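Asker: Each chain, letter by letter, is given below.
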Amino acid sequence: MPRVQFEKIHKSFGKVTVLRNLDLEIEDGEFVVLLGPSGCGKTTLLNLLAGLIEVSSGRIQIGGREVTDLDPKDRGLAMVFQSYALYPTKTVRGNLRFGLSAQKLDRAEQDRRIAWAAKLLQIEPLLDRKPAQLSGGQRQRVAIGRALVKQVPVFLFDEPLSNLDAKLRTETRIEIKRLHDETRSTIVYVTHDQIEAMTMATRIAIMNSGVIQQFDTPDVVYERPANLFVAGFIGAPAMNFFPATVSTAGGRPSAALRSTDVKVDLAGYSFSKPPREGDSVTLGFRPEHFLPPGEANGHAAATFSLPVQYTEKTGGDATAYFKTETGLLAASISPERIGAFKQGDVVSLGFPGSKLHVFDAASGQRL
Amino acid sequence: MTTVAETSLAAGRSLDEPIAFPARKRRIKGSSIAILVFLTICALFFCVPLYVVVVTSLKSMDQIRLGDIFSLPWTLDFSAWVTAWDKSCSGTLCQGVKVGFLNSLEILFPSLILSMGLSCVTGYALALWNVKWANTFLFILFLCAFVPFQIIMVPLIVITGFLHVYGTIWGIAVVHAVLAMPILTLIFRNYYKDIPTEIISAALMDSGSFWRIFREIILPMSGNIMIVVLILQITSIWNDFLIGLTYGGIGTQPMTVILANVVITALGEANYNVDMAAALLTALPPLVIYFVLGKFFVQGITAGAIKG
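Chains as they are written, first to last, in numbering that gives the first Met the number 0: chain L, 0 to 366; chain P, 0 to 307.
I should point out that these hints are in silico values taken from the structure, not numbers from a laboratory.
Please note: incorrect hints may appear among the correct ones.
Said to hold, decoys possible - Mimicking SDA-like on lysine to any residue, the simulated pairs with C-alpha atoms at most 20 angstroms apart in a straight line are:
1. Lys131/P - Gly13/L
2. Lys89/L - Phe209/P
3. Lys262/L - Gly349/L
4. Lys131/P - Gln109/L
5. Lys72/L - Ala124/P
6. Lys89/L - Gly222/P
7. Lys89/L - Lys97/P
8. Lys72/L - Ser206/P
9. Lys72/L - Phe209/P
10. Lys89/L - Lys131/P
11. Lys129/L - Pro195/P
12. Lys131/P - Ile52/L
13. Lys129/L - Ile199/P
14. Lys103/L - Ser206/P
15. Lys89/L - Met225/P
16. Lys72/L - Glu215/P
17. Lys89/L - Ala22/P
18. Lys72/L - Trp128/P
19. Lys354/L - Glu294/L
20. Lys89/L - Pro195/P
21. Lys354/L - Phe240/L
22. Lys89/L - Gln109/L
23. Lys89/L - Glu215/P
24. Lys131/P - Asp68/L
25. Lys97/P - Ile112/P
26. Lys192/P - Asp68/L
27. Lys72/L - Gln109/L
28. Lys354/L - Ser269/L
29. Lys131/P - Leu51/L
30. Lys192/P - Ser82/L
31. Lys72/L - Ser208/P
32. Lys131/P - Asn189/P
33. Lys129/L - Phe209/P
34. Lys72/L - Glu197/P
As the structure is a computational prediction, the values presented were derived from the model and not from experiment.
Next up, chain L with everything else stripped away, as it sits in the complex (with noise of 0.2 angstroms):
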C-alpha cells in the first residue's frame, strides 16, 4: 500500500537546480537508502518527502494518494533527523507523546505505544529524564522512539548516525536493520556513508548532481555499477581505473591499456552489446579482485608487473598501492603476505577477466 513514488521531480533554490527530473519509486516494505556525496540532493529529496519544502514541480504520491500540497503533519510520514532534534524542554516521555497528542490518540493509547516504544529500544529507564541528561546513543534512541511510536507507513531517516561513534553506529545499524524487519515498515534512509547502504538497504539510490545514477540492490550496485560514478563510489578503496583502447583482432576482443604496455583479454567479459574495434574505454578494476603472485595459475585476464610504492594494514586488511605511469594503483593483498612487500619490489598481479568491468570513455556508462 504505502508505495512511496516521485514523479518528474524539480527542486531548484533560486538559481541553483538540486534535483532535476527526477523519478522513483520505491514498494512498499522497501528499505531504500539515499546514498550520494555531499550537496548530491539527497537531503533534499528526503525534505521533498516530508514536505519540509516545496517542490518547484513535480508529483509525489504515497500509497496512491497525491501529498505534493500536504502539510508535512498530514502526509503520514515520521522523521529521524541528523542532530535528532528532541524537543530540549520535554521528557523523553514528552518527546514521544507530542506527536501522539497532536493526533488526538487517547491517553491510554499514547501510554500504550510510548511503553512499546521504550520497551523496543530499551529506553525505558530514561523516560523521565530531559533530553541533556541523555548521552549521544541514548538520544539517537529517542529520535528513533519518537518516529516508532507514531505507527505510521513510511519512516524517512536523515544520516542519523553520523554523529555517533564507530561502535555505537555499528550497534545502531543492526538496530535500526532489526527494527525494519519487525514492523516492516517502508524506510527511506539517506546517508554519505556505503557501509550503511550495503548493509541496510535492500535498495540503493545512488545519486550525483540531482540525478540518480543508479537505482538497484547492494549487489548489483557493487557487481554490476551503471556508470563511472557508481564504480567510483562504491567500494572502499575504489576501483581503479585505466584508459583503454579495444581491438577485437581474431574474433576475441581485448583491450591495450594506453598508459602501460598490459594487455586485457576480455573474452571473460559479458558485453551488453558487442564491442568494436578502435572503441575508447575506461577499465574498471576492483582492488579487491586482485590475484597475489602465484595464485594467477594462468587464468588471469590480465597481468601487472609494477613496483611497490607503499603499504597498508589495517588489521584483517591490507592495501598495497603500486606504482603506475597515471598514478597509483591500490590492490588488497592478505596482511600475511604484505609484510613481505618492501617499496620498489616489483610484483606481478593477476586480474581474472569474470571481475572487469568495462565503461564507455565518453558517456561513462557501462558496456
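Use these hints to put chain P onto chain L, whose structure you have.
Answerer: Chain P only, in chain L's frame:
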C-alpha cells in the same frame, strides 16, 4: 613567606603533593590605571547625586535649610518617607505617591502582557514560519523602531479615542505595546532564529499547529529571552512619564506623573526631603526587579537538543 616555604621543603614533599608553579605577579599597567580612573569617574557620576538624594530624604527640613547638601543627617528621620508615601500632595489631592504606585501597577501588567505577547508571537512567526514578505515586514519594523514617539503622539490620541480606550489603563497599555513592538519583535525574532531548524521541522511533522508548537515547544525554550525582555519592559513602562501623562485619565496617572505633581505642588516652602523620598520610592520597583529576576537568568536553555 620565605620561612614558610623553607619549612615545607624541609618537611619533605610527598609525591602526590601538587607542585606549585609560582604565578608571575601581574604588574599594573598604565592602560589599566586609565580604565580604573575612567570607571571611578563614571561611578561617581551616578553615586554622588544618589548619595545626596538618599541623605536629603532622611534629613529634617531644619537641617536641609542649612544648605549643606553633602552632610550626613543628624538623626535618621523616616518621616519624610511616610509623608511622601501617604500624605504628599499632588495638586489638591493629598494622598501621597501610593495612589500613583497602585496606578502604575495597574498599568504595568496589561502593558506587559500586551506588548510581550504581541511581539513574542510576531517574532516566532517571522523567525520560524514561512511568512510571505517576512523580510519586508522586518525591514519596516526596523524602520519603525527609529520613529520618535512625539511624531505619532497626536495621531495615537485620535486612534485610542476611536477605540474608546483613551484615558483608561488599556489606552496606556495599547500605546506601550505599539511603541515596544518593533524593538521587542526584533529581539524575539533574532532569538528564535537561533533555534535549530531541525527542532521546528520535527515539530512540524509531529503537530504542524502554529499555536501548539508555540505553546509546547517554543515558549518553554524562551525563558532566557523572556527574562531579558521582562526587565527591559518593566523598566521602560514603570519609568515612562510621557505616555502616562498623555494617555492617562485623572484616575489612571502612573507614579511618575504623580511624582512630578508632588514635586511641583508646594504650599509655602519646598519640602525637599519629601520630594527626594517620593523620587526614591518611585525609582525603587525597577531596582527590586533587577535584583529578583537577575537570579533567574538561565543558561543553555537548548542544551541537549542537538548532539552533545
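Asker: Please go over all the hints and tell whether each is borne out by the structure.
Answerer: Do the hints match the structure? See the list:
As the CA atoms of lysine 131/P and glycine 13/L are separated by approximately 16 angstroms, the hinted pair is consistent with the 20 angstroms bound. Among the hinted pairs, lysine 89/L with phenylalanine 209/P is consistent with the structure: their alpha-carbon atoms are about 18 angstroms apart, no more than 20 angstroms. A threshold of 20 angstroms between alpha carbons decides the hint, and for lysine 262/L with glycine 349/L the separation of about 12 angstroms falls inside it, so the pair holds. At most 20 angstroms may separate the alpha-carbon atoms for a hinted pair to count; lysine 131/P and glutamine 109/L exceed this at roughly 36 angstroms.
Among the hinted pairs, lysine 72/L with alanine 124/P is consistent with the structure: their alpha-carbon atoms are about 18 angstroms apart, no more than 20 angstroms. The hinted pair formed by lysine 89/L and glycine 222/P meets the criterion: a straight-line CA distance of about 14 angstroms does not exceed 20 angstroms. Distance restraint check for lysine 89/L and lysine 97/P: the Cα-Cα separation of roughly 43 angstroms exceeds the 20 angstroms cut-off, and the hinted pair is therefore not satisfied. At roughly 6 angstroms between alpha-carbon atoms, lysine 72/L and serine 206/P fall within 20 angstroms of each other, so this suggested pair holds.
Distance hint between lysine 72/L and phenylalanine 209/P is fulfilled; the C-alpha atoms sit about 12 angstroms from each other, no more than 20 angstroms. A C-alpha spacing of about 31 angstroms is found between lysine 89/L and lysine 131/P, which places the hinted pair above 20 angstroms, so the restraint is violated. Note on lysine 129/L and proline 195/P: the hinted pairing holds, with a Cα-Cα distance of about 17 angstroms set against a maximum of 20 angstroms. About 15 angstroms separates the Cα atoms of lysine 131/P and isoleucine 52/L, which keeps this hinted pair within 20 angstroms; it holds.
Between lysine 129/L and isoleucine 199/P the CA atoms are separated by roughly 18 angstroms; this keeps the pair inside 20 angstroms, and the hint holds. Between lysine 103/L and serine 206/P the alpha-carbon distance is near 10 angstroms, which keeps this suggested pair within the 20 angstroms criterion. Annotation: proposed proximity of lysine 89/L to methionine 225/P holds, straight-line Cα distance about 18 angstroms (limit 20 angstroms). At most 20 angstroms may separate the alpha-carbon atoms for a hinted pair to count; lysine 72/L and glutamate 215/P meet this at roughly 16 angstroms.
Restraint check for lysine 89/L and alanine 22/P: the C-alpha separation of about 46 angstroms exceeds 20 angstroms, so the hint is violated. For the given pair, lysine 72/L sits about 15 angstroms from tryptophan 128/P by alpha-carbon distance, which is consistent with the 20 angstroms threshold. Using a Cα cut-off of 20 angstroms, the hinted pair lysine 354/L and glutamate 294/L holds, with the two alpha carbons roughly 15 angstroms apart. A C-alpha spacing of about 16 angstroms is found between lysine 89/L and proline 195/P, which places the hinted pair at or below 20 angstroms, so the restraint holds.
Our distance criterion of 20 angstroms between C-alpha atoms is met by lysine 354/L and phenylalanine 240/L, whose separation comes to about 13 angstroms. Distance restraint check for lysine 89/L and glutamine 109/L: the Cα-Cα separation of roughly 16 angstroms lies within the 20 angstroms cut-off, and the hinted pair is therefore satisfied. In summary, the hint linking lysine 89/L to glutamate 215/P is supported, as the alpha carbons are separated by about 9 angstroms, within the 20 angstroms threshold. Restraint check: the Cα-Cα separation between lysine 131/P and aspartate 68/L comes to about 17 angstroms, which is no more than 20 angstroms; the hinted pair holds.
With a C-alpha separation of about 23 angstroms, the suggested pair lysine 97/P and isoleucine 112/P falls outside the 20 angstroms cut-off, and the hint is violated. Using a Cα cut-off of 20 angstroms, the hinted pair lysine 192/P and aspartate 68/L is violated, with the two alpha carbons roughly 26 angstroms apart. This hinted pair checks out: lysine 72/L and glutamine 109/L have alpha carbons roughly 17 angstroms apart, not beyond 20 angstroms. Distance check on the hinted pair: lysine 354/L and serine 269/L sit about 10 angstroms apart at the alpha-carbon level, within 20 angstroms; holds.
Annotation: proposed proximity of lysine 131/P to leucine 51/L holds, straight-line Cα distance about 16 angstroms (limit 20 angstroms). For the proposed pair lysine 192/P and serine 82/L, the alpha carbon gap of about 17 angstroms is at most 20 angstroms, so the pair holds. For the suggested pair lysine 72/L and serine 208/P, the alpha carbons sit about 9 angstroms apart, so the restraint of at most 20 angstroms is met. A C-alpha spacing of about 18 angstroms is found between lysine 131/P and asparagine 189/P, which places the hinted pair at or below 20 angstroms, so the restraint holds.
Between lysine 129/L and phenylalanine 209/P, the direct Cα distance comes to roughly 24 angstroms. Violation of the 20 angstroms bound is thereby established for this hinted pair. Annotation: proposed proximity of lysine 72/L to glutamate 197/P holds, straight-line Cα distance about 15 angstroms (limit 20 angstroms).
Checked against the numbered hints above, the structure breaks hints 4, 7, 10, 17, 25, 26, 33 and satisfies the rest.
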